[in-house]
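Engineer: Now for the letters of each chain:
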Amino acid sequence: MGSRGSHAARIPDADSIRRETGFSQASLLRLYHRFRALDRNKKGYLSRVDLQQIGALAVNPLGDRIIDSFFPDGNLRVDFPGFVRVLAHFRPVDEDDSSMRDPKEPEPLNSRMNKLRFAFQLYDLDRDGKISRHEMLQVLRLMVGVQVTEEQLESIADRTVQEADEDGDGAVSFLEFTKSLEKMDIEQKMSIRILK
Amino acid sequence: MLRAALPLLGLPLAGAAATEEPTREPGSPGEPPPGLALFRWQWHEVEAPYLVALWILVASLAKIVFHLSRKVTSLVPESCLLILLGLVLGGIVLAVAKKAEYQLEPGTFFLFLLPPIVLDSGYFMPSRLFFDNLGAILTYAVVGTLWNAFTTGAALWGLQQAGFVAPRVQASFLDFLLFGSLISAVDPVAVLAVFEEVHVNDTLFIIVFGESLLNDAVTVVLYKVCNSFVEMGSANVQAADYLKGVASLFVVSLGGAAVGLVFAFLLALTTRFTKRVRIIEPLLVFLLAYAAYLTAEMASLSAILAVTMCGLGCKKYVEANISHKSRTAVKYTMKTLASCAETVIFMLLGISAVDSSKWAWDSGLVLGTLFFILFFRALGVVLQTWVLNQFRLVPLDKIDQVVMSYGGLRGAVAFALVILLDRTKVPAKDYFVATTIVVVFFTVIVQGLTIKPLVKWLKVKRSEHHKPTLNQELHEHTFDHILAAVEDVVGHHGYHYWRDRWEQFDKKYLSQLLMRRSAYRIRDQIWDVYYRLNIRDAISFVDQGGHILSSTGLTLPSMPSRNSVAETSVTNLLRESGSGACLDLQVIDTVRSGRDREDAVMHHLLCGGLYKPRRRYKASCSRHFISEDAQERQDKEVFQQNMKRRLESFKSTKHNICFTKSKPRPRKTGRKKNGLANTEATNGKPPRDLGFQDTAAVILTVESEEEEESDSSETEKEDDEGIIFVARATNEVLQEGKVSGSLEVCPSPRIIPPSPTCAEKELPWKSGQGDLAVYVSSETTKIVPVDMQAGWNQSISSLESLASPPCTQAPTMTRLPPCPLATEEAQPFHLPYDPRPSFAFPPSLAKAGRSRSESSADIPQQQELQPLMGHEDRTRLSPRTANSHWCIQFNKGGRL
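Residue numbers (the UniProt record's numbering), protein chains in the order written: chain L, 1 to 196; chain S, 1 to 896.
Be aware that one or more of the hints could be misleading.
[As the list claims (entries may be wrong)] Between beta-carbon pairs, the in silico distance windows are:
#1 S:Ala247 x L:Pro12: 31 to 41 Å
#2 S:Phe250 x L:Gln188: 29 to 39 Å
#3 L:Asp126 x S:Gln525: 42 to 52 Å
[Stated by the list, open to error] Mimicking EDC-like on lysine to aspartate or glutamate, the simulated pairs with C-alpha atoms at most 20 Å apart in a straight line are:
#4 S:Lys467 x L:Asp169
#5 S:Lys461 x L:Glu182
#6 S:Lys467 x L:Asp185
#7 S:Lys461 x L:Asp185
Calculated from the structure, these hints are not laboratory results.
Glycine residues also receive a C-beta, built at the ideal position from the N, C-alpha and C atoms.
Using the sequences provided together with the hints, build the complete structure.
Structural biologist: Put into structure tokens, the structure is as follows:
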């Protein structure tokens, strides 16, 4: 702790953030720089507009939703800890993470479940804990592009929902969502290497 | 080359030729042989291709023999067996011909045997996986190969200096480097042959295999550079040459890749315009890929890299552009060629080893090389992996490293390269040849044999194949986008960022340019998965009960698609035939027509509204589906032909009509029965209905009984009335067929004359209703020309689709026919039933659908969607049967 560099010293609450997110000193520092770079007016927080400025995000079909995920509960601004907390979902999973961790503590942000939850809430717009057919359709519309007609999209949405839907309520709950992705290596697919 | 001299295998033949020729020869010297020779033996003219064919045949037969015993092939890789077989054959050749023949010639190998294998592997390379691991693959391919070459070469030289290699092996340091460069490269053919049977996890496989493909550039460069250095003599090599050597590494590899990509582009672009000449599509793929190979070879670039990149680059667009049939053709031809080449390579490798004149043994060199290639391979892998793991999201663990080290098989490339050495420049060539042979044999046989148990023992993560699900596909895309977005937010332009970029570029420009519009429109991965899932469902449905269903009067799910494909939309046809038919004939009761219409409406509703997407898709790329089922296609063709013939005869012979009149009856009855079966299944007894789909066999019997009960009385009667002369016999046949409840029904219609088909098809109920043969026939004559002619003329396929509508409705109508009078009375009776079916559909189907889905797919609950599918199946089921029946009938008719 005492060894942290002068840059890191400027990060407010660096230790608690690190404890919560598990980021390394270097990543945290990098993120902090990024955060300040995004924060145009040096206001100490990011607004939606700040993130929307990122060029590539605008063309990302899920860009808006991902930006939204930085602003939970209708907040209009996100501070650095909040910013890091979201990004912490994408930290690669270390083997020693689980062994070191105290069982009492909540799951780390980069656990499989939390990664999945992050993805899930991108679908679940109304936050009712279920991906309805309508929500699925919206996502599909974003993803599939213009070549496929609306009707086709609808049938894909139907099929997708039914595929995952186990209790027959016509919507995909989080549990069903995780089940449908059971065989996928989420830890790998939802991690970015540099976010150690 | 293969053609070398007279055959070993051809020996018997040659012997025959020898005996034959002398007798002929005397005639020929006398120049123009006086008479026409009745028999002439011209072995020499066909010798070369004959021998090639023979060798391939031998190799293929050997393959068949190996695979007779599953136990052997599960334990021993095929490549080992082939090499051993080659050894045996080589021994025979040697014994018989007293000289070694049919060896693996570098020319043959590089120009003919290698390209198909590389193309196959490049074309079918899982590109996503490949690019996901590109960093690791490149590292191993470039750094690893360089490392192997230099360390092995240097170590061998050290061995020689230390006196472990006999002094008769005259080799300088450069010679050893040259040898190291050719022996160090992991061989794609050997790796593929062994790893394809081992089934390690995808990442591991792609790394080892990708390395073996990409290291070709390095090997070629190293080999060429060392070779030219050796030829120049080490004294003359200047610093600039070393620099050139390094530069040529880039030129050869990047140049090769560029050539491949250019040809991939050309290939994709070409296939965009082959819509009207589908037949040459597969050829184009092979031609251009081969052209890429030869071009690269010509420019002394890395040909393997060129073909790999060509296959890798063009696949996406080519697959989208070419027809489904062509795709299958490409796939199988490619696999066949590759497997053929591989087989021949290994066999020839075995044969070549027998030729002792080519090699000279030195234990020190051989053992030293064996040890060094294993040791340095392992060391190199460990070192590189350690570095790589600093950058890899998923580190390669120790077990992976063991497999990678152990999977470094050497193969025919090394052998061909060592054969190419110039003995005058490399005095130790013979020793190198022997060593290479031993190394190749050791790696392929010993390592090939043991790698499977090793993988098992180490519990290497195996590749797991699970069916793709829509959810997975969709979510995977989501994840990709999320990661790309997060990289944006983090401000790190990493892999995901660039992939995203590339995909956008591809979507915006490349795909637009290289895919034909129709293909581009439907080319979406999610959509693709959806489509494939549907097809799978359909196929499994057919597998389960489609057969039986079809015989009882229902169609396969695939059927509708085909109809719609024809572009004469089913709905339209339905509408035409449905409403039009009713209007045509006042004979038909309003009630009936109303019911009819209801049916039609229901049908429209179901197949139009509910399941449109699938149908649509098919409409856009129709042929995809057709080729699915050979049987079906056959049926269709038969049907079409007969229809044509029929139409012709119908047109020409109007006088036939009277004949027709009498005859149509029996067929009608048969049809009616079918229709009945159908109606009963669908309408009368919904509960049965659901069972119908899940356990076809059981219910089949029930139905047949049912038919018998209800039908027999009715139909019998009907038959009596309607059928004039021919009927009796047929009737019985029919009845029997009925009872058995299977296709036997079809044969009965034998008696049928040409014309009625159309009419019946279009207005089955009319005939039924009219019950009078006269009616039917007259209608037929009337209607066919008017109503159907257009359809006929349009296309044969449209004909087929025409056939469908009536059938869907046939059930309802046909039931009535029995006796005209009785029908009238019966009608009200029947009516109540009819509405029911339509309403009853969903639940029953839901169940059926679910049962199907349960067995076919793993998703237990698909009530909503499946029913629809089931429904469609159901509604469109009839056409199929109709078709099958018709075919047969027409057949007979035509004969008549």
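Engineer: Please name the hints from earlier in the document that this structure breaks, with their numbers sorted from lowest to highest.
Structural biologist: 1, 3 and 4
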